[in-house]
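Guided by the hints, dock chain B onto chain A, whose structure is given.
So the sequences go chain by chain: A and B. Position 124 (the first sequence) corresponds to 124 in the UniProt record's numbering; numbering is contiguous. Position 56 (the second sequence) corresponds to 56 in the UniProt record's numbering; numbering is contiguous.
In short, the hints are calculated from the structure, not lab data. Small disclaimer: the values here were computed from a predicted structure and weren't measured. One or more hints might be untrue.
Same chains, same label: a pair holds when it works inside one copy or across any pair of copies.
[Claimed, not checked] Derived pair list, reagent style DSSO-like, types lysine-lysine, alpha-carbon separation capped at 27 Å:
| id | residue 1 | residue 2 |
| --- | --- | --- |
| 1 | Lys-30 | Lys-213 |
| 2 | Lys-213 | Lys-116 |
| 3 | Lys-67 | Lys-85 |
| 4 | Lys-67 | Lys-49 |
| 5 | Lys-94 | Lys-116 |
| 6 | Lys-67 | Lys-213 |
| 7 | Lys-177 | Lys-67 |
| 8 | Lys-85 | Lys-116 |
| 9 | Lys-177 | Lys-85 |
| 10 | Lys-94 | Lys-30 |
| 11 | Lys-144 | Lys-116 |
| 12 | Lys-30 | Lys-49 |
| 13 | Lys-85 | Lys-144 |
| 14 | Lys-49 | Lys-177 |
| 15 | Lys-177 | Lys-165 |
There are 2 protein chains.
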Amino acid sequence: MGPLPRTLDFFYDVLSPYSWLAFEVLCRYKNIWNVSLQLRPTLIAGIMKDSGNQPPAMLPRKATYLKNDIRLLGQHLQVPIHFPKDFFSVILGKGSLTAMRFLTALKMEQPEMLEKVSRELWMRVWSRDEDITQPQSILAAAEKAGMSTGQVQGLLERISTPQVKDQLRETTEAACKYGAFGLPVTVAHLDDQAHMLFGSDRMELLAHLLGEKWMGPVPPAVNARL
Amino acid sequence: MGPLPRTLDFFYDVLSPYSWLAFEVLCRYKNIWNVSLQLRPTLIAGIMKDSGNQPPAMLPRKATYLKNDIRLLGQHLQVPIHFPKDFFSVILGKGSLTAMRFLTALKMEQPEMLEKVSRELWMRVWSRDEDITQPQSILAAAEKAGMSTGQVQGLLERISTPQVKDQLRETTEAACKYGAFGLPVTVAHLDDQAHMLFGSDRMELLAHLLGEKWMGPVPPAVNARL
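Chain A on its own, in the form it takes in the complex:
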C-alpha cells in the first residue's frame, strides 16, 4: 500500500475566472498526483468583505490586463474562458449567492456531481456569457451536467434553509481563517502543516510542495483526451 493521499482543500466561487483555471488544472492532476481533492464552494463576496480587499478589476489598468491575461491563460491551459460583455454588471453587480448556495446544497447531498455542475456553471458565466442567478439558469447547468429535473428542483428548494446558508458561511469563514483575501485558495495539508496558496498560478509550486511532478497545465494523459 502506498502512502495516504494528501488532502487539498480547494475554495472557489464560480464568479471567479482564476478559480475556474485552477479548478481545471487540479481536476486534471487529482488522478495523477497522490492527492484527495476537496472541492469547497465559497462566497467570494464574503471573502472580499472580511479581508477588506477589492476585486482587481476595480483598478482600470488591472481590468485591462485581466482581460488579456485570462484570454492568454485560457489558450495556454485549454479552458474555453471568455470575458462576459458587460463584466461589471455580470460579475460585480449580480453576484453568485444563489449559485454558490446551490453548489453547497449539492455538496451536502450529491457530492459526486459537484465537479460537473461547477464546470457547467463556469461554462455559462465565463464561457458563453449566460446568466447564473436565476433558478432556470441553475437548472439548465445542472441538467447539462447529468442531473434530473426533479433532483435539481429538490435542491433548489433547499438552498434557503439555515443548514445550507450556514454551511456556505462556515466554508467562507474557513477560507478566511487560512488567510484568504480572494479566490481561488488551495490549502495543501502536508506533514501537520497547512500551506495556503492563492490564485491559479501556484500549481507548479504545489507540485513542488507535494513532491509530485509538474507536467504543465495540460498533462500528457489529459492532452491525449482533449
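Chain B in isolation, oriented as in the chain A frame:
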C-alpha cells in the same frame, strides 16, 4: 542562420521581490531560449502613482500571505530571498530612487554590468536585509559585482544629471504605456504584437507564447551549475 531572437523587455525595480524572482528565471533562460533580454531599470513608486495602485502589503492579509509566498517561491526557484525585518520602513519608507538612478546610469555607460550589479543590490535588500539607499551601500554592491571604486564613483556623480533622471522617467513611462500597475513587467515582442506579462508567475505562459520549452524555474543546465 536561425530565426532572429525575439526581444523581451524586462521592467524591474530592486525594491520588488517578485522582480528578483522573475529576473533570475529570465537570466537562466536567456541563453536557452532564442531571446534578447533587455533589462530596463524602472521606478516602482512611479508606476504605483501613475496607475493608482497600492503595494499589496498595504492590506494586512496580503502582507501575511506575501511573506510566506516569497519564502516558498525562494525555495522552489532557488533564489536566496528573505523578507527584511522591518518591511514597511525598508520597502515602503526608504524607496529605491538612488539605486534605480544608479542602475539607469550603469545601463547607459556599462550595460554589460547591469545584470550583476542588479543582483547584488537584490542580495543586499532582499537577502541580507542591508541598506541600498546610501552611496556606500551602492558602492559595496557594485564592487561585489566586479566594478572598480573609480568606476562606481564616476557613475554615482552622474546619477543626479538630467540625462539619468530623464532616462529613468522615460523607462517608467514606457512601462506605464504597456499597462503596468506594478513590477515586474515582461513585454514579449512577437510578430508585431507586444504581450505584457505582469509578475513572476507568467514564465511558463511566456515560454508558450515564444514557442519555447518550459523546464521549470531551474532548467537542468542551470541546476547542474547551482
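Homomeric proximity label, Lys-94 with Lys-116: Cα distance no greater than 27 Å: Within one copy, since 23 Å is at most 27 Å while 51 Å is not.
For Lys-30 and Lys-213, with the copy left unspecified, which applies at a CA distance of at most 27 Å: within, between, both, or neither? both (12 Å within a copy, 24 Å between copies)
When no copy is specified for Lys-213 and Lys-116, does a C-alpha distance of 27 Å or less occur within a copy, between copies, both, or neither? For Lys-213 and Lys-116, only the intra-copy Cα distance (26 Å) is at most 27 Å; the inter-copy one is 32 Å.
Homo-oligomer pair classification [Lys-67, Lys-177; C-alpha up to 27 Å]: between (30 Å within a copy, 17 Å between copies)
Please sort Lys-177 with Lys-85 into within, between, both or neither, judging by C-alpha distance up to 27 Å. Between copies only: 24 Å across, 34 Å inside.
Alpha-carbon proximity between Lys-144 and Lys-116, which holds within one copy, between copies, both or neither at 27 Å: within (9 Å within a copy, 57 Å between copies)
Is it within, between, both, or neither for Lys-49 and Lys-177, if the alpha carbons may be no more than 27 Å apart? Result: close within a single copy only, 14 Å intra versus 32 Å inter.
Can you give me the call for Lys-94 and Lys-30, within, between, both or neither, at a CA distance of at most 27 Å? Intra 32 Å, inter 45 Å, cutoff 27 Å: neither.
What label fits Lys-67 with Lys-85 when the C-alpha limit is 27 Å: within, between, both, or neither? within (11 Å within a copy, 36 Å between copies)
At 27 Å max between alpha carbons, let me know whether Lys-85 reaches Lys-116 within a copy, between copies, both or neither. Result: close within a single copy only, 25 Å intra versus 46 Å inter.
From the Cα coordinates, with 27 Å as the cut-off, is the pair Lys-67 and Lys-213 best called within, between, both, or neither? between (30 Å within a copy, 25 Å between copies)
Could you place Lys-177 and Lys-165 in one of the four classes (within, between, both, neither) given a Cα distance threshold of 27 Å? within (18 Å within a copy, 46 Å between copies)
In terms of the numbered hints stated before, the structure departs from hints 10, 12, listed from lowest to highest.
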